[in-house]
Amino acid sequence: MNRHSWGLGVVAVLGAVAMVVGLAGGFAGGSRVGLVLPEPLWVERLQRVDRAVTQQDVSMAVYEWREALGAALGTQQWQPLVEVADAALRVDAMLPIPGRLQAEARRIYLSALFRARAQRSLEGVQRVAEAFERLGDAEAAAHARRVAAELS
Amino acid sequence: MNAGVRRDEQEPPVTDAGRLLVEVERALATGDRPRAAQAWNAAYAAAVGSRRWEPMIAVGDAALRLDLAADAPGGYRAAARQVYLSALVRVRILRSADGLRRIADAFVRMGDVEMSRRVRRVTQHLS
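Chain order of the listed sequences is A and B.
First residue of the first sequence? That's 0 in numbering that gives the first Met the number 0, and the numbers climb one at a time after it.
First residue of the second sequence? That's 0 in numbering that gives the first Met the number 0, and the numbers climb one at a time after it.
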């Protein structure tokens, strides 16, 4: 490569960098004028769950709930799991034979507890403890409270 | 009234789960995931009602196929795991070596090698 073509290469690279910076600046500007970030997938799916619950569409509620669970599991955060488990209880109440999703909710709260503990989130652990209390699972609630005490 | 006879009368025939699982496959083939999920729920109920492990494993396998079709995979995978574990409880009660092998294979399909090993250890105790 001669000096001239090498120089053109540098100009091209600088031009590309300038374009990227320019685009980033554009996005930054966009945020100043109200760039709306999309809802996380689990939030969108939970909204669909609640719509189905409102419409008393059991099949759709269960279907969307499974999608919400998949999305929540993929986040690595505790909050989506707690929200999805809460939704499981709402859907469970619609089932002809309630109980199946309540059992799943319990397992999901436990997973949320593991995540919250790993992330040292006192809020997360307390949310799970409250959820277990609502479920009437005193043993699991006491365990979550012990974890909360360790964290605080 | 004989409570046992009443339970049997309420029990859906084993073929119900099979028929409903065919419906799951048809719905998946046409991309109608809500209908597939609806049929899966019914198949699950039928399999639970049958109190047999074979339909439970079939329902677990179908859950994995539903999971592959999901926008956000993971939800049906969790369901499959629970269904296989329920089948395991039944198989242990019946001391079915064939059932244990089938469940161990199912966990391998899920990629859960550790669980598969644990099930195989139970199989060795039976034989």
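Bear in mind the hints are in silico, worked out from the structure with no lab data behind them.
Accuracy of the hints is not assured; some may be wrong.
[Stated by the list, open to error] Which stretches of chain B does chain A cover? Using the computed rule of at least three CB atoms under 8 angstroms from a CB of chain A, they are:
| # | stretch |
| --- | --- |
| 1 | 61–70 |
| 2 | 73–82 |
[Stated by the list, open to error] Computed Cβ-Cβ distance ranges for the label pairs, DEER-style:
| # | chain 1 | residue 1 | chain 2 | residue 2 | range |
| --- | --- | --- | --- | --- | --- |
| 3 | A | Ala148 | B | Arg119 | 23 to 31 angstroms |
| 4 | A | Gln54 | B | Ala68 | 43 to 51 angstroms |
| 5 | B | Glu113 | A | Leu134 | 26 to 34 angstroms |
| 6 | B | Arg120 | A | Leu34 | 21 to 29 angstroms |
Glycine included, C-beta positions come from ideal geometry on N, C-alpha and C.
Check, residue by residue, whether the stretch 73–82 of chain B contains three or more positions whose beta-carbon lies closer than 8 angstroms to a beta-carbon of chain A, and give the verdict.
-> holds (count 7)
Could one say that the CB atoms of Ala148 (chain A) and Arg119 (chain B) fall in the range 23 to 31 angstroms?
-> violated, 40 angstroms
Range hint 43 to 51 angstroms (beta carbons of Gln54 (chain A) and Ala68 (chain B)) holds or violated = violated, 23 angstroms
Go check the stretch 61–70 of chain B versus chain A for me, would you? Three or more residues, Cβ under 8 angstroms, otherwise it fails.
-> It holds: at least three residues are needed, and the stretch 61–70 of chain B offers 4 whose Cβ sits within less than 8 angstroms of chain A.
Could you say whether the range 21 to 29 angstroms given as a hint is met by the Cβ separation of Arg120 (chain B) and Leu34 (chain A)?
-> Violated - the Cβ-Cβ distance for Arg120 (chain B) and Leu34 (chain A), about 55 angstroms, lies outside 21 to 29 angstroms.
Within 26 to 34 angstroms or not, the Cβ separation of Glu113 (chain B) and Leu134 (chain A)?
-> holds, 28 angstroms
Checked against the numbered hints given earlier, the structure breaks hints 3, 4 and 6 and satisfies all the rest.
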